[in-house]
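Student: Sequence:
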Amino acid sequence: MSEYVSEVSEGNFAQIVLQSKTPVLVDFWAEWCGPCRTLAPIVEAVAEQYEGAARLVKLNVDDNPSVVQRYRVQAIPTLILFEDGEEKDRIIGAVSKETIARAIEARVAAQANTTKGKTMNCSSGF
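Letter 18 of the sequence shown, counting from 1, is numbered 220 in our numbering, and no numbers are missing.
Hints were generated in silico from the structure; no laboratory data involved.
Quick caveat, the model's predicted, so the values are computed rather than measured.
Built from N, CA and C at the ideal position, the CB exists for glycine as well.
There's no promise every hint is true.
Said to hold, decoys possible - Pairwise CB distance ranges, derived in the manner of DEER restraints:
no., residue 1, residue 2, range
1, 311, 268, 18 to 24 Å
2, 234, 312, 18 to 24 Å
3, 209, 287, 17 to 23 Å
4, 254, 217, 16 to 22 Å
5, 271, 233, 17 to 23 Å
6, 315, 222, 17 to 23 Å
7, 290, 251, 14 to 20 Å
8, 217, 237, 26 to 32 Å
9, 312, 240, 25 to 31 Å
10, 234, 311, 33 to 39 Å
11, 211, 288, 17 to 23 Å
12, 234, 214, 21 to 27 Å
13, 254, 277, 27 to 33 Å
14, 236, 209, 17 to 23 Å
With the sequences and hints as input, model every part of the structure.
Tutor: Printed below as a string of structure tokens:
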């Protein structure tokens, strides 16, 4: 797809999205969807901004109906943010870069606090 956004499918969804150690935002889209095309450069910009901290991927709804059904995607574009194999946030429609960035930032910050808390707990007995 691009340098910062890759495509996932039913075949690699579990490995790339559900087993990821970092948050993953999945863009459910279709080629025929005008709002999806409008959102594409925004998703690309957010992916570049969060490179290394979170991953952004696209899933074509026409080619991957079982994933669409599993997550009950009823409208596109739909963005679902996964962390630790679970849905953490859902955004429906063509939204701003700031809206997407806020959702990702919340998970990245939570992950950083969890990691920091684990480190602090290890040394708290000294």
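Student: Okay, which hints does this one fail, numbers in order?
Tutor: Structure breaks hints 1 and 2.
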